[in-house]
Every structure is written in structure tokens, then in C-alpha cells.
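Enquirer: Sequence:
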Amino acid sequence: MQPSDSEAPLSGTSKASSGNVVDNESPDEMSIPEGFEIANTPASSSREGSARHASSTTSRSSASNIHPEISEDFRDSVAEISPVLGTAEPRTVYPQFGSTNRFQGMDLGRGNVLVSGFGSVGTDSNRSGYFHNRSIKTTYTTKLAGTEDELVIVKRQSRSSFLPKDTVAEKPWLEGKTRKRLKYLNWIFCAGIFAGLCVIGVQVWMAWRSITNFDYCEVLIDEFETFRDDIWTREVQVGGFGNGAFDWTTSSEKNSYVKDGKLYILPTLTNETISNEDIMNGYTVNLTADGTCTGHGKSQCWVSSNLTKSVIIPPVQSARLNTKISASMKYGKIEVRAKMPRGDWLWPAIWLLPVNDTYGPWPASGEIDIAESRGNGVHYPEGGYDQISSALHWGPSSAVDGYLQTFKTYQRKIGLFGTTYHTFGLEWSDKYIKTYVDRRLQQVFYHKFNKPFWQVGKFQTTYQNGSFIENPWPLNGANSDIAPFDQEFYLILNVAVGGTNGFFPDQMGNKPWINTQENTAASSFWSSVSSWYLSWPSDPEERAMVVESVKMYKICDKLKS
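One point on numbering: in the UniProt record's numbering, the residue at position 377 of the sequence shown is 377, and numbering is uninterrupted.
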């Protein structure tokens, strides 16, 4: 398309048939702005090279009579180049490059036409190739009078490339059997994704439908405005509670107390109460005599240190609190908000035991562990204060405990249990039992009561030594799949230290005692006090299990949904 007569150039110029403007001035007489270069290309030759480029920074200045159709970038460029080439008269030209692209142009006087194009520049029918530029910013083109050369002034132009005319890029993947195969594979892939999403959706829906909501009645809520003796019983023993633990649980307010609305269960060294010599030899603790022992039998209430026999007084004092007298439940919910202690070989626990040994001594009547942890660091192989575990303990005798089939761990990378408060929850009904952290959906452990525990454990009727064992739970009846977890349980909060039951495995984390050497384990532990005590923080906020609240509910009624 050619410009109209109304777009004629200034006097002294004439309109060429190609749409370019020419005059009688030679290129040598023409001044070029600083920062630009001239590329002279014979019109008869093919465009097999690109114009040389030079970058310049456009300094904005005013230009008169700028045509409103011309872009802002083009106006800025004209404002810079006009003083050099002469007074400009705005116009639009359509250079015949064999392209439908529209170029903005301006008659700069003295036979010079300034053309700005954005996009790709095509060719006419006489050229053998075409010039393509993907990020051209501003191109100034002029036809010089009396020559067959083109003057091209290019600003901020990226590298150019040439392709032969009528070149067709081969795309073999779009043809033949390969194309069909790819098409089928794409369909199969998409169908698989869709089917997977459908399956996930159905599973989520079924899980949501399976959730049972209950109406809960309050059993106990304690937010620790003060220590309540009517709720919490301090257990006092020296026997290690069947785990071979090295702590002496006391009724002292040094080991369990309330401060600033929080309950602290704090382990301390026994040498703060008696001397190191007393711990090692010649000292007797008789809790029966002073009437403070809450256990039964000599082993739980009496100990005498003897250096020759490597028997020592428990080297650490701590606390163990329970609600056996004040609060218990059968089916319901418990939430304890707490922060676990830090320090090597500390063993904090939030757990439940049955009020009555309905099915026999531990573990026949069951145990429910909501959360147990270790005070060791995060690099401890079995998990330190970055991990908790939940479990059910059950079995016909202490030698046959099926807990490994109902045991799960939960680990955190941030917000560790020894540095951050968390809510440790239990949900328990006649259909299932589960534990969680912070919210119901963050599940740690789940067990559905759909099979008797004797079958779950696959217990043999005889030991390897030939002794006979019996199933302690009912074979038939409404509770046959639930027992022993079909009775009242009470809550326990404690921080134990060490032990020989395997909670701290041998040969891990530089453990200073051996579990099988039960008589000397506590002595070996105490002899290494200079190493492990360095890991115990001096701040009680970090060394204690700190509890913000305890909430216990029982199921009142099942809500129909």
C-alpha cells in the first residue's frame, strides 16, 4: 500500500514507486547520530547478512510536529535523530518488503525517510531469503538518492538469522505410526490421571462418611491455675516401675509444681538431696517406713546402696502424676497440650493404665500410650525430641507383648516436640482407637476393633520352654474384639530417666549402660554423669515436661448424621 498524496514529503523530495523517498543528496553529506552505524547493502543482492548493530542510550528531547499515529518509542527516537537529519514532517509509509507488516515512518527531509518496524521483516518476490528478528526494538531505514544502496540505522537489535526461502522444518513426530502411538499414549495417560483422581475422590468421601461424631461429656479439665491434689496423685517409688528406670519418683514440689499457669515435671540429680557417697554406698531409702510409698512390695519402696554389689540409690529424682482416684474413662477423648523435655536419656510419657487389672497383670489388661518421646537430640538413631510414638500394649504375659503390631512413630522437622507446645490427642470408642497431634486429621496411630487381640497377636499356646499360656480375653461376646480396651483407664504424666526395657537400645548414641546388666545398669549410668548431664538444660522450661492443659471427656451419646 502506498501513501496518499496528502502524505507527500517536504519540498525538495520526491516519492519513489516503491514507497521510499529519494533526493539528490549523497550519503557522505549526511550526518549520523552518535551511537548508530550505517550498513550499505546493494538492493540487487540477497539479504544473507544482517545490518551491524550498535547500542545507544536514548536521551529524551522534544520534537515538533510528531504525528499522533506514531508510537511513543518512535517519537522519542525521532526527537533524537531529527536535529541531525533535518526538520521532520510526520507521515506513515509502507515499504514494499513483500510483507503485510505495517511500518511507521517519517519524512526527515533532504530525501531521507525514517522507518520504524516492530516484528519480523518479510521479503519481496525478488529476494532469495528473508530477514527475521525476534526482538527488534527500533529500525531506521532510508533510501539514498542516486544509489542502489539502502541506508539502515538499527538501534538495540538482537542477532539476526537467515533461512532459505520456502524452507519447511521437518517434524517427524507428527507423522506416521509414531504420531498415532503418541496420541494413544497421551489418551491413556490422561485416562489414568482421571481414573486416579476418581479413586482418590471416592476414598476421601468414604473416609469422611466413616468418621463418627460423638457427644462428649466433661470428665476433667485442668488449666493449672494451681496444683490440685484432689486431681493429681504424686506416685512415690524407687523400683523403676517395671522398666528398670533410674529415677526416684518423689512428692517433692521440686520435681512437680505449677508456675505461671503451667505444670512442670522436672528431673533433678539426687545429689542435690543426698551426697554422692550416699548414692554409691551405705545409704538406705525406706519409703514404707515414712509412709510415702505408693507402690507395693519391697522392691518398689526400699533400696540400700552397696558399692560392693554395684547397687546405688536412684541417681535422679523426678515425678509421676496420675488421675486414678479422681478421673477415668471408658471410651472418650483426651487432649494434653504440652512441650517435651530435652536432655539425654530423659523419657517423657503421656499414657493410660486400667483402673482394675480385669484380665490380669500387665500387659494382659492393656496400656494406651498417647505420646512417648526421648530427650536426646535429633540425631539420636531411635529418634530424639523430634519424634513421638503411640502404642497399645497387650499380651498374655510380660514376656509376650504384642505392642509392635499396634505401634507407630511420628516425626517433625520443624516445631519439634522439645521446643514447641503441641496438643497430644486420643480418640477412643468401641469401634476404633486413634492418637493424633494438634488436630484429628494429623493422625499418629489408628487401630480398628475388628478382630480379637489373640488373633491379632497370633500367639502360640506354648512358649519355647514348653510352658502353657492361655488367652486372657473373652472368645465371644460384644467386647471380644475390644478387650482388654473395654474398661476404665486413667491418665498418667511422667518423666522417667533411662531404663533397661529396651526403650533405649544398646550400642546407640553412646549409651553408658547395657540393658541386660540390670543390677549394674544404674551404676554405669551414674558413673557417666559428667557426659550426659551436659546435655540437660539448666532452664527448667527446657528440661521439664511442661503442660499447659489437660482435658478428658467421655462419650455421652453417639450423634446421628
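For the record, the hints were derived by calculation from the structure and aren't laboratory data. We treat Cβ as the ideally placed atom computed from N, Cα and C, and that holds for glycine. Do not rely on the hints blindly, as some may be mistaken.
[Stated by the list, open to error] Distance windows between CB atoms, simulated:
no., residue 1, residue 2, range
1, Q507, G192, 44 to 50 Å
2, E218, T358, 51 to 57 Å
3, Q460, F189, 47 to 53 Å
Enquirer: All hints, please: hold or fail.
Expert: Hint check:
no. : hint                    : verdict
1   : Q507 - G192: 44 to 50 Å : holds, 48 Å
2   : E218 - T358: 51 to 57 Å : violated, 25 Å
3   : Q460 - F189: 47 to 53 Å : holds, 50 Å
In the structure shown, a violation is registered for the earlier hint numbered 2 alone.
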